[in-house]
Amino acid sequence: MPAAARAPDGRRARLRRALRALGLVAAGVLLVVVLAAWAASIRPGTYSSMAMGVPDLGGAAAVVGGHGHGGAEPSTEGAPTTAGTPITELVADPARPADVRVELVARAERIVLPGGEAVDGFTLNGSTPGPEIRARQGELVEVALRNESVAAGTTLHWHGVDVPAAMDGVAGVTQDAVPPGGSSTYRFVAEDAGSYWYHAHQVSHAQVAGGLFGALVVEPAEAAEPPHALDVVALLHTYPGTSRTLDGVSGEVRHVAAAGSLVRVRIANTDSSPTVAWASAPFRLIAIDGTDLHEPGQVEGLRVAVTAGGRADLELRVPPGGARVQAPGVSLVVGPAGASPPELAAPAEALDPLDYGEPAPLGLDAADPDRDFAYDIGRMPGFLDGRPGIWWTINGRMGGDVPAYVVAEGDVVRMRIANGSGEVHPMHLHGHHAVVLSRDGVPASGSPWWVDSLDVGHGETYEIAFVADNPGVWMDHCHTLPHAVEGLQTHLVYEGVTTPYLLGRDSGNEPE
Amino acid sequence: MRIAYRVLAYLICALVMLQAASHAWASAGIALFIGEGGTLDPSAEGPPPFPEALGFMIHGMNGMYAIPLVALVLLVVAFLARIPGGVVRAVAILALVALQVTLGLLGHEMTALAFLHGVNALAIFGVALWAALRAGRTDAVEPRRSAVGVA
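Residue numbers (UniProt numbering), protein chains in the order written: chain A, 1 to 512; chain B, 1 to 151.
Next up, chain B with everything else stripped away, as it sits in the complex:
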């Protein structure tokens, strides 16, 4: 369970990296597309006519579904993994992810929230990395009940 916890925490780090990368890629693509005279119907179904638009789809699916799901599973695993502080850090990650989705959705019109969305992304990355590293320490395993009796 401790290994599962570590893998999931590192996975969140990796997915946050994918979020930053996909959005940067798509932003460059849309700037180039508009710079060359393109227009788009941002609400239409289907991707806009530039290949980097795939980055927006990755960002949306990964951010709204994949990362929240992994954060939820991490919390469940945390209850079973008996890592000191493991549950607290998993709760913090899930709360930050919920905040992140909210900031992302509202940031479409209230663009200042998109600024905070970028800051919060690093907070998620940082807490997830911290959780993974702490769970990896050899003394980080909470003793089993039987061990208490022997001591």
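Just chain A, with the same shape it has in the complex:
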């Protein structure tokens, strides 16, 4: 027998047995805790977006019986309260005739990719991207969507347009997904001129990538001065199984413009990852996310960040040899016929909107907000509706326990978005435009920087502010759409607004 077995070691053996028993007890307790967490994470088959999340009043006093959360109880019951304004009543003037009317037919079909390869994707009126919709500021836009064959159902969301809540196109929040054979009509007044896009918000991580999107341009009521000789959209999109395309074309897209003329290129990133754009000629970044910048200066040799879902409008004067506006893998050439401007590598230095352009009044007092929220993004192992994984968290919580931000109409809202999750997140708030106040404690010193999609990198903290001027229930989520599936989503909820639509696995609605 080895020495370890001798009698003097009997005490050690007992100690070891005790430790082993303790270990087994600890393992048992851990197992119970894990199982309880799993069970608690499972959501009911259907639930209201108003009952998702724990109400966060942002420092304001609760209005008794005002909002749809039913008090402090973070209920996961499916039945929304009936008090208040139903979201279905938040529409554009139904009596007003449409100025711009578009019919869109959504289909699931094989699409031929630019490389000649065919994949199962989606089209609108037989094409992807869908038709470009143009309206003039102040016009009423009416879009009739008919779902011919998208099996999971579909919707259209007007990304960046502050539409009335019932028109937001979020399945399970502002409407039910339109089933195959069904229709839905969207009506809204194009109040703000700028570059926008529309896309499906039902199973959006798959439907948008697969092609259910298009451009929406709202031209100013009065033409720009001096006018643009050419005003074009550049939709950057990566279809499944291919490299990046520009307006559905891989490689190069050409537009003829005379040397010396002024052109506007409206770049929109419809992918799930942030990207960059740059130009071979001096340019001005004249708008971000549909809002004009104030006195933007001319720059050269800088790249411009275009976050997922975001837009960046470049204005440039065409040099004699033409100009090339580029994003990784694709480019748009503007110039005289046959012009061949050089292809350049992406510049190392980036234009920083935090100090670009000249300051102007914000139109809101962010120093004394009515609501002050934190949106801290993290990542933790846990269960999301029963599925184990390493999921995104908001303020340390995941799934149905994330904060739901409650506001009242007219509130000035300040929100701090911090990211310690290890990955960049392009955060998108529906129905509102927010202005950037600071990044990492450095106050914004350039033009007012209004966004609907904001890149928040790991380790970054942004302070933004907005006026709660559009009652409804609004998604506030990461536009890296698979991240929304993985839990990075919540809602901005107005007191007194209710929605009859339901989320959950049995609801048929899956906005992510």
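One thing to keep in mind: the hints can contain errors.
Looking from chain A toward chain B, a few residues come up when the C-beta cut is under 10 Å (computed) [stated by the list, open to error]:
id : residue
1  : Ala27
2  : Val29
3  : Val33
4  : Ala209
5  : Thr238
6  : Gly241
7  : Ser272
8  : Ile390
9  : Val424
10 : Gly457
11 : Thr461
Using C-beta positions, here's what the derived DEER-type ranges look like [stated by the list, open to error]:
id : chain 1 : residue 1 : chain 2 : residue 2 : range
12 : A       : Gly23     : B       : Ile3      : 16 to 22 Å
13 : A       : Arg101    : B       : Leu69     : 54 to 60 Å
14 : B       : Gly60     : A       : Gly248    : 28 to 34 Å
15 : A       : Arg416    : B       : Trp130    : 45 to 51 Å
16 : A       : Gly457    : B       : Gly60     : 19 to 25 Å
17 : B       : Thr111    : A       : Ala151    : 38 to 44 Å
Some, not all, of what chain A presents toward chain B, calculated at C-beta under 8 Å [as the list claims (entries may be wrong)]:
id : residue
18 : Arg20
19 : Leu24
20 : Gly28
21 : His205
22 : Ala206
23 : Ser243
24 : Arg244
25 : Ser273
26 : His294
27 : Gln298
28 : Gly378
29 : Arg379
30 : His458
31 : Pro482
No lab work stands behind these hints, which were simulated from the structure alone.
None of these values were measured; they are calculated from a predicted model.
Virtual Cβ for every residue (Gly too), placed ideally from N, Cα, C.
Based on the hints, put chain B in the right spot on chain A.
Below, chain B without anything else, positioned relative to chain A:
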């Protein structure tokens, strides 16, 4: 149980090898793809359009799910296997694996952590190999209680 412990420890070694191999394969693939003019949407669902992207999927699934699960089972087996130092080494492996997943996820933006991720991979491999070899030694079986009485 001792055999189960050894098999699981060796399995972790093999899975760590698969991690290194799958990532090297995928890295070569992405370099070639970009070198030939390709671009990708790294956050999109579904694999990027080059075959070696399968390596990233293997690396992710194996690293985030398979290896932590095996390390957890190894710890449970360690409590039952009565191998001197067996529990300590299993705890060390599980702790290093937890660290490894954290380094891997955070390394996407803090790339210096990806460097440590590579170093820690060899630490996991080393401890797992050590645990397997030690458990295989003939004198490595802790005597049963009855044996103490006989001595």
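**OP:** If any of the earlier hints don't hold here, list their numbers in rising order.
**Re:** Violated: hints 2, 3, 11, 20, 26, 27 and 28.
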